[in-house]
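The residues making up each chain are set out below.
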Amino acid sequence: GNSVTQMEGPVTLSEEAFLTINCTYTATGYPSLFWYVQYPGEGLQLLLKATKADDKGSNKGFEATYRKETTSFHLEKGSVQVSDSAVYFCALSQGTGGYNKLIFGAGTRLAVHP
Amino acid sequence: EAGVAQSPRYKIIEKRQSVAFWCNPISGHATLYWYQQILGQGPKLLIQFQNNGVVDDSQLPKDRFSAERLKGVDSTLKIQPAKLEDSAVYLCASSSTGTGGGEQYFGPGTRLTVT
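The listed protein sequences derive, respectively, from chains A and B.
So the number in this note's numbering is just where the residue sits in the first sequence, counting from 1, plus 17.
Position 73 of the second sequence, counted from 1, bears residue number 63 in this note's numbering, the numbering being contiguous throughout.
Everything labelled a hint here was simulated from the structure, so no lab data went into it.
Values in this document were obtained by computation on a predicted structure and should not be read as measured data.
Where hints are given, some of them may not hold.
[Said to hold, decoys possible] Listed next, the in silico DSS-like pairs over lysine-lysine satisfying Cα-Cα at most 30 Å (straight line):
| no. | chain 1 | residue 1 | chain 2 | residue 2 |
| --- | --- | --- | --- | --- |
| 1 | B | Lys34 | B | Lys1 |
| 2 | A | Lys94 | A | Lys73 |
| 3 | B | Lys52 | B | Lys73 |
| 4 | A | Lys94 | A | Lys77 |
| 5 | B | Lys5 | B | Lys73 |
| 6 | B | Lys1 | B | Lys61 |
| 7 | A | Lys73 | B | Lys73 |
| 8 | B | Lys34 | A | Lys77 |
| 9 | B | Lys34 | B | Lys73 |
| 10 | B | Lys1 | B | Lys68 |
| 11 | B | Lys34 | A | Lys94 |
| 12 | B | Lys68 | A | Lys69 |
| 13 | B | Lys1 | A | Lys85 |
| 14 | B | Lys5 | B | Lys68 |
| 15 | B | Lys34 | B | Lys52 |
[To be verified] Far from chain B, by Cβ distances over 10 Å, these chain A residues were calculated:
| no. | residue |
| --- | --- |
| 16 | Met24 |
| 17 | Val28 |
| 18 | Thr29 |
| 19 | Ala34 |
| 20 | Tyr42 |
| 21 | Gly60 |
| 22 | Gln62 |
| 23 | Glu80 |
| 24 | Thr88 |
| 25 | Ser89 |
| 26 | Gly95 |
| 27 | Gln98 |
| 28 | Ala108 |
| 29 | Val129 |
[To be verified] Sample of chain A residues at the chain B side, in silico, Cβ under 7 Å:
| no. | residue |
| --- | --- |
| 30 | Leu61 |
| 31 | Leu63 |
| 32 | Phe106 |
Idealized CB from N, CA, C, for every residue including glycine.
Whole structure, please, built from the sequences with the hints as guidance.
Structure representation (structure tokens):
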């Protein structure tokens, strides 16, 4: 079945460091891909998405490119801040009978230190 | 615009007891989802409603879990009887459409501890 695999955390970085969180997927067809973020004590929020191959999603300095050839959707940010500390989830949207559901990876915790 | 509301935020029960969670989606959102998030894992879909009809409940343990969405708005998720392995965060989400690449909006979740 369809699945999402993320790099294990925690990822610990100093402020202004470069961030990469790897995400690969297994899917039939052409799913939409998402990154959700969960800040401490809050619900999941959509960070960015891409709906077709070679699309680049971006938001708040984060970006990810839908790579069909490597089945990947890696999250990157050029300079992280302490406020980026959170758990990041990669997800794909799988259609069944015309309705889509999200399949999530296990999440990667990011801790950014001053 | 008000977000997805859930209550209670926390619940502690003993095994074999019953528990119910409530969700109020964003106004006008036709699709409502319940997810289970076990510690250290990503959310797993339990059930998906389109208006007041179920479109996917393939991963709902129907011998103990039930859910309803009367009038296509609020929803309740019930567990009876609870087991230790049901300890998790239960997330409710809604979207304006259940198809395509539509965004899902999540509530803060209910953290359930079964002792």
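If you check each hint against the structure, which ones fail? Hints 7, 12, 13, 21, 22, 28 are the ones this structure does not satisfy, whereas the remaining hints hold.
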